[in-house]
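Visitor: Produce the entire structure from the sequences given, and follow the hints as far as they go.
Those protein sequence lines, which keep their order, are chains A, B and C.
If you use the numbering used here, the first sequence corresponds to residues 1 to 347, in order.
If you use the numbering used here, the second sequence corresponds to residues 1 to 347, in order.
If you use the numbering used here, the third sequence corresponds to residues 1 to 268, in order.
Keep in mind the hints are simulated off the structure, nothing from the lab.
Backbone N, C-alpha and C fix where the C-beta goes; we use that ideal spot for every residue, glycine too.
Some clues are possibly wrong.
Claimed, not checked - Think about it this way: if two alpha-carbon atoms lie no more than 30 Å apart in a straight line, the pair counts; the simulated BS3-like pairs of lysine-lysine are: (1) A:Lys285 / A:Lys267; (2) B:Lys71 / C:Lys159; (3) B:Lys71 / C:Lys84; (4) B:Lys85 / C:Lys159; (5) B:Lys71 / C:Lys158; (6) C:Lys230 / B:Lys85; (7) B:Lys219 / B:Lys179; (8) C:Lys159 / B:Lys105; (9) B:Lys76 / C:Lys159; (10) C:Lys230 / A:Lys334.
As the list claims (entries may be wrong) - Cβ pair distances, simulated, as ranges: (11) B:Phe15 / C:Tyr4: 44 to 52 Å; (12) B:Leu185 / C:Met1: 54 to 62 Å; (13) C:Leu87 / A:Lys157: 46 to 54 Å; (14) A:Leu302 / C:Ile20: 56 to 64 Å; (15) B:Gly138 / C:Leu90: 51 to 59 Å.
Said to hold, decoys possible - Non-contacting residues of chain C with respect to chain A, defined by C-beta distances greater than 10 Å in every case (computed): (16) Ile46; (17) Leu139; (18) Leu229.
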Amino acid sequence: MKILRVLAPALVLAVLLSGCTGGGDDQVTLNVYNWGEYIDEDILATFTEETGIAVNYDTYATNEDMYAKLKSGGVSYDIAIPSDYMVQRMIDEDMLETLDPDNIPNLQYIFGWLKELEYDPGCVYSVPYMWGTLGILYNTDLVDDPVDSWNILWDEKYSGQIFMYNSQRDSFAVALKKLGYSLNTRDLTELEAAKAELILQAPLVRAYLGDTVRDSMIGNEAALAVVYSGDAIYCIENNPALAYAVPREGSNVWCDAVVIPKGSLHKAEAEKFIDFLCRTDISLKNTEYIGYSTVNTQTFDLLPAEMREDPAYWPGEDIFRICEVFVDLGSFLKEYDRAWTEVLASK
Amino acid sequence: MSEHLIDLVGVCKTFGQSTVLSNINLFVRKNEFLTLLGPSGCGKTTTLRIIGGFEYPTNGDVIFDGKSILKLPPHKRRVNTVFQKYALFPNMNAAENIAFGLRIKKVPSQEITRRVEDMLRLVNLRGYGRRAVTSLSGGQQQRVAIARALINEPDVLLLDEPLGALDLKLRKDMQIELKNMQQKLGITFIYVTHDQEEALTMSDTIAVMNAGEIQQIGKPEDIYNEPGNAFVANFIGESNIVAGVMRGDYCVEFLGRRFECVDKGFKPDEPVDVVVRPEDVRIVPQSEGALTGVVRNVIFKGVHYEMLIQGGEFLWKAHSTVMSAAGGWVGIVVAPDLIHVMRKVAT
Amino acid sequence: MLPYLLWALLFIIVPILLIIYYSLCVETDSGLVFSLQNYSRVFQPIYLRIMWRSVALAFMCTLFCLVMGYPVAYIMASKEYARKGFLLFLFLVPMWMNFLLRTYSWLTILERNGIINSVLSVFGLPNIDLLYNEEAVILGMIYNFLPFMILPIYTVLKKMDQSVIEAAQDLGADSRTVFLRVTVPLSMPGVISGVTMVFMPAVTTFIVSDLLGGAQFMLIGNLIEQQFLKIRDWNFGSAVSVILMTLIIASVAIFSMVDKDSEGGALF
Numbered sequence: 001m002k003i004l005r006v007l008a009p010a011l012v013l014a015v016l017l018s019g020c021t022g023g024g025d026d027q028v029t030l031n032v033y034n035w036g037e038y039i040d041e042d043i044l045a046t047f048t049e050e051t052g053i054a055v056n057y058d059t060y061a062t063n064e065d066m067y068a069k070l071k072s073g074g075v076s077y078d079i080a081i082p083s084d085y086m087v088q089r090m091i092d093e094d095m096l097e098t099l100d101p102d103n104i105p106n107l108q109y110i111f112g113w114l115k116e117l118e119y120d121p122g123c124v125y126s127v128p129y130m131w132g133t134l135g136i137l138y139n140t141d142l143v144d145d146p147v148d149s150w151n152i153l154w155d156e157k158y159s160g161q162i163f164m165y166n167s168q169r170d171s172f173a174v175a176l177k178k179l180g181y182s183l184n185t186r187d188l189t190e191l192e193a194a195k196a197e198l199i200l201q202a203p204l205v206r207a208y209l210g211d212t213v214r215d216s217m218i219g220n221e222a223a224l225a226v227v228y229s230g231d232a233i234y235c236i237e238n239n240p241a242l243a244y245a246v247p248r249e250g251s252n253v254w255c256d257a258v259v260i261p262k263g264s265l266h267k268a269e270a271e272k273f274i275d276f277l278c279r280t281d282i283s284l285k286n287t288e289y290i291g292y293s294t295v296n297t298q299t300f301d302l303l304p305a306e307m308r309e310d311p312a313y314w315p316g317e318d319i320f321r322i323c324e325v326f327v328d329l330g331s332f333l334k335e336y337d338r339a340w341t342e343v344l345a346s347k
Numbered sequence: 001m002s003e004h005l006i007d008l009v010g011v012c013k014t015f016g017q018s019t020v021l022s023n024i025n026l027f028v029r030k031n032e033f034l035t036l037l038g039p040s041g042c043g044k045t046t047t048l049r050i051i052g053g054f055e056y057p058t059n060g061d062v063i064f065d066g067k068s069i070l071k072l073p074p075h076k077r078r079v080n081t082v083f084q085k086y087a088l089f090p091n092m093n094a095a096e097n098i099a100f101g102l103r104i105k106k107v108p109s110q111e112i113t114r115r116v117e118d119m120l121r122l123v124n125l126r127g128y129g130r131r132a133v134t135s136l137s138g139g140q141q142q143r144v145a146i147a148r149a150l151i152n153e154p155d156v157l158l159l160d161e162p163l164g165a166l167d168l169k170l171r172k173d174m175q176i177e178l179k180n181m182q183q184k185l186g187i188t189f190i191y192v193t194h195d196q197e198e199a200l201t202m203s204d205t206i207a208v209m210n211a212g213e214i215q216q217i218g219k220p221e222d223i224y225n226e227p228g229n230a231f232v233a234n235f236i237g238e239s240n241i242v243a244g245v246m247r248g249d250y251c252v253e254f255l256g257r258r259f260e261c262v263d264k265g266f267k268p269d270e271p272v273d274v275v276v277r278p279e280d281v282r283i284v285p286q287s288e289g290a291l292t293g294v295v296r297n298v299i300f301k302g303v304h305y306e307m308l309i310q311g312g313e314f315l316w317k318a319h320s321t322v323m324s325a326a327g328g329w330v331g332i333v334v335a336p337d338l339i340h341v342m343r344k345v346a347t
Numbered sequence: 001m002l003p004y005l006l007w008a009l010l011f012i013i014v015p016i017l018l019i020i021y022y023s024l025c026v027e028t029d030s031g032l033v034f035s036l037q038n039y040s041r042v043f044q045p046i047y048l049r050i051m052w053r054s055v056a057l058a059f060m061c062t063l064f065c066l067v068m069g070y071p072v073a074y075i076m077a078s079k080e081y082a083r084k085g086f087l088l089f090l091f092l093v094p095m096w097m098n099f100l101l102r103t104y105s106w107l108t109i110l111e112r113n114g115i116i117n118s119v120l121s122v123f124g125l126p127n128i129d130l131l132y133n134e135e136a137v138i139l140g141m142i143y144n145f146l147p148f149m150i151l152p153i154y155t156v157l158k159k160m161d162q163s164v165i166e167a168a169q170d171l172g173a174d175s176r177t178v179f180l181r182v183t184v185p186l187s188m189p190g191v192i193s194g195v196t197m198v199f200m201p202a203v204t205t206f207i208v209s210d211l212l213g214g215a216q217f218m219l220i221g222n223l224i225e226q227q228f229l230k231i232r233d234w235n236f237g238s239a240v241s242v243i244l245m246t247l248i249i250a251s252v253a254i255f256s257m258v259d260k261d262s263e264g265g266a267l268f
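Guide: This is the structure:
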């Protein structure tokens, strides 16, 4: 009990003092909400050094978690980094502030095509943060055929050696692209055709995985897997026998973007932060730490040649042109759900 | 020794460090009602359980009808037990409980029904067959337990303080019933109790036990009238125990006076315990008494008055139907044959 | 009484009413409209198949847990067994760990290059595919729920009056008969609770089928999770949840009818 008597006031003191960030009075603190393991934390310290603005950093595991938290209005965040389809939903639901491009001069370094993506053309509400593709991660020891088409995932030769993604949009994207359709289709016949393909594939699929696909591929558990480019980079780092390819039929391009939720009290400072992230040297540091593709043209040029030519970083101009971003399908999503349920239930 | 049904030879039992039974030698005759009598912890229940097969002696042998049954498990011995807390099967009704032993022996059900009916009649529970045992009163449960044991026609019935949980009137009635049953059925009963009156009422033979040893075995009258040592004297009936010295044959000295008595064979001046039953203490006018004293207390006990008389350093307990008022001086006289002299118990 | 009523109202009644309300509505362009469409959808063959599979898997899991758990509980409760405190400890400690973590650990054991197959390789034996099949899902379920079967049975066996056992022996029953005629019937309340405490979580689980089944065995839990987290069709999700709740309440009602005196030592 005596220990409590000493601990309690010490704890109270610690809590009180933690509020103080040192430096001048009236110090602004930004509440930043990001994915876990998705920033080089040194950058935050550098930002505070240069601008005097402190950063309160919080993380989430999925877009849905972030959405639920922001919707509930409990804490006000100044910066959030949702994925493309989630940005679109938040725009539709009027949850975001519009950005003042004058405050974000470093926007000029962002790839032009990234600024015109369907979910927010012109970067009215968001600025790209990291991007990547969806493709095939394969084990060069176990696969001797060329990996350049989605068809390889339907090849009986690899029965039991294929991992698909446990996600409707992603798995249907693969099937739709294989058939030459848009992965945002609202055409029921196209959807049904894709469903038929997936049902055909089901006996060959070893499992439909989530995050565990990375460790499994590193552990040589299967020959082929559908993964995102960022995960592919991580896997290849840990198992040099792995390689990544984006099929010639095209695929999904995803983009995580920085936004300012409505209700932020420090919009100007938030925009400063966004501008900071777009700075070439910062973007380089971040890309090296996270491993995903950079949004900054100058940063891209600074990367070593093998990285620039690795399909995980850049799928090549031709393939890139036929990639699509996911668009929120609204109530039509129910059809995807029904179809996906039928695929899974077919086993 | 075919007259002996059961022989316990040199039975010892230790639990870890403590010795519960030391060198028990005991025999039981056919059709005998033997009671093991003693205070809590004296080892009587353990002795019973050894006969039943639920405890294994550390040393010694158990002989049944001339053969050692030491290695026989309980379900093979021709004894049945009535447990202290009845131990009825809660998931069966009264009739099923009683029938249990017969069902195990695969007796045909016609016969089972008939014999169960007979038993229920014997223990005065006709018509109670279908009742759930949990709905029966203590006395009724007791009788079901007895019926359950007797229906198997054992050679020996072991009863472990079966009447302890019943009220006084019921207990007395059951004592008489049990005795009658025993005599009618001609079964050997081995009965365990700490109630000396119960033992005196029901038994053919009593074995008095204390601290794991047998103090005295004999007929009730013998034990009562000729207690072998101070413990027995104290335990059975009430007694006044005075320290005395044997001055020679037929002469004992205590409280400063010599008295004639009927015991002999002691060493000259041997220290002894002198026992006088309260009902043998005759109260006379002060002048006529061999000893004198003041009446400290008078308690009306219904059957008699109990008076506590301070005679010198000794407090006498006297029973009489005539009351002597408290505070008055009286005289005490004891007839020679009512003075019991016994050796001091070796410590 | 009042504080409990308030608490129950707020935290139990209101949420359930909300779910029922959602299940009876359908989202249209003009907002929520009353409709039984969700329920009629639930009864489509594809969803019925999912529910049947969930019940069947849960049943298998419960059966295995019973067959494996009873002997363990029996051994632990018998007084001759000296190390029972330690054994009990071994069973309880994993329960303190996160359910998800425990399930993850099986991946490492069952993988193609996992622990079991590595050991087999050392002996030159062929590798077996132990993961991403129905067997792996049942294994994961059994592993996670076995303590819930063992504990109630153990508790009841431990509390059992020893003298009843001795009475049975005294009346001529050998060990086998004692076990079948006395121990088992008297341990029924514990068995009932164990079955309840295993069946209920087993029928609603979704993590095990996702992780160890490779999402190939869609169960009710997966279906509901999908509706609420990915599809945002709360109405259909609520309808499925209501069906599930009804299923569970029905099974609990049946179980509690058998265990009238609540001697089972159940947690709920």
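Visitor: Hint numbers the structure violates, sorted upward?
Guide: Checked against the structure, the hints that fail are numbers 6, 15, 16 and 18, while the rest are satisfied.
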